[in-house]
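Trainee: Whole structure, please, built from the sequences with the hints as guidance.
Chains as they are written, first to last, in my numbering: chain A, 1 to 164; chain B, 1 to 102.
A couple of the hints might just be wrong.
[Claimed, not checked] Here are the in silico distance ranges between beta carbons for each label pair: (1) A/Phe70 - B/Asp91: 18 to 24 Å; (2) B/Arg99 - A/Ile152: 24 to 30 Å; (3) A/Leu91 - B/Leu100: 41 to 47 Å; (4) B/Thr67 - A/Asp124: 48 to 54 Å; (5) B/Leu94 - A/Asp124: 14 to 20 Å; (6) A/Ser144 - B/Asn98: 16 to 22 Å; (7) B/Thr59 - A/Arg88: 25 to 31 Å.
Note that these hints are calculated values from the structure, not bench results.
These numbers were taken from a predicted model, which means no experiment stands behind them.
For glycine and all other residues, C-beta sits at the position ideal for the given N, C-alpha and C.
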Amino acid sequence: MTDLTFLALATVTVASAILALEARDLVYGAAALGITFLGMAGLFFLLDASYVGAFQIAVYIGAVVVLILFTVMLVGPQLGEPPLELRRLSLLTALLVALLLGTAGSLTSAAAFPGPDNCGGGCDLTRLGTTLINQYGVPLEFLSLVLAAAVIGALTLAKADRKG
Amino acid sequence: MEPLTSFFAVSVVLLGIGIYGLTTKRNALRILFSIELIYNAANLNIIAFARLRDPPIVTGQVLVLFTIALAAMEASVGLAIIMLVSRLNVDIDLRKLNRLKG
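Mentor: Shown next, in the form of structure tokens:
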């Protein structure tokens, strides 16, 4: 059962990731990227990390994809991808990626990481919340500071009434 | 339960797609897409490894929460830069953006 779910999620994720980079229209690309993020959230749910999956949906679908869509609309239609004159670079990249995939595939075997069957009592959110607050409270506060700095920086950069 | 190796495989495939996009695309937005894909591959890898023990290792999930927040910040600043560039200079082709070259 979970096997079929996993297969469907993995297929959708990988296919929409390819589509996000190869779609001619950037708006379709951004939508495909959103589907990739959704599939990734589904994979997180399969791995019993439900809070992380919900966070992924909230942050990526709710914020990042919407931001990207707005930027695509504001930047305007690009004149399509110019014809690629880097055939050699493209070929080299394909070779490198194939090498990476092959190495990773040959190094791991299915028996090495069997994955536990059930998730006893360890999968509840209490542990995650306690650890997040008790152990990582200070980094969390610093994260909010960095977030504020990033928002202020982005606003300053994108301010409309800039001269020159 | 699916063996964790399949999740690693998905992660590696996404990393490969991201590297492909980083090296061959010229549009700044596509390169941002590739960076996000690579972030997601790393997150999936961390979550899968955190699931290796029977009670999942909570630290891995906390780490991924931080990573997602940092990726969102990076995307916001990057998109602001892209908007600025597109206002100054019509094209956002990164291979033509060599105004700082001496």
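Trainee: Indicate, hint by hint, whether the structure satisfies it.
Mentor: Hint-by-hint comparison with the structure:
1. A/Phe70 - B/Asp91: 18 to 24 Å: Check passed, 20 Å falls within 18 to 24 Å.
2. B/Arg99 - A/Ile152: 24 to 30 Å: Roughly 25 Å apart at Cβ, these two residues keep to the hinted range, so it holds.
3. A/Leu91 - B/Leu100: 41 to 47 Å: 30 Å, violated
4. B/Thr67 - A/Asp124: 48 to 54 Å: 22 Å, violated
5. B/Leu94 - A/Asp124: 14 to 20 Å: 46 Å, violated
6. A/Ser144 - B/Asn98: 16 to 22 Å: 37 Å, violated
7. B/Thr59 - A/Arg88: 25 to 31 Å: Violated: the Cβ-Cβ distance is about 43 Å, outside 25 to 31 Å.
The structure fails to meet hints 3, 4, 5, 6, 7 from the earlier list, while all remaining hints are met.
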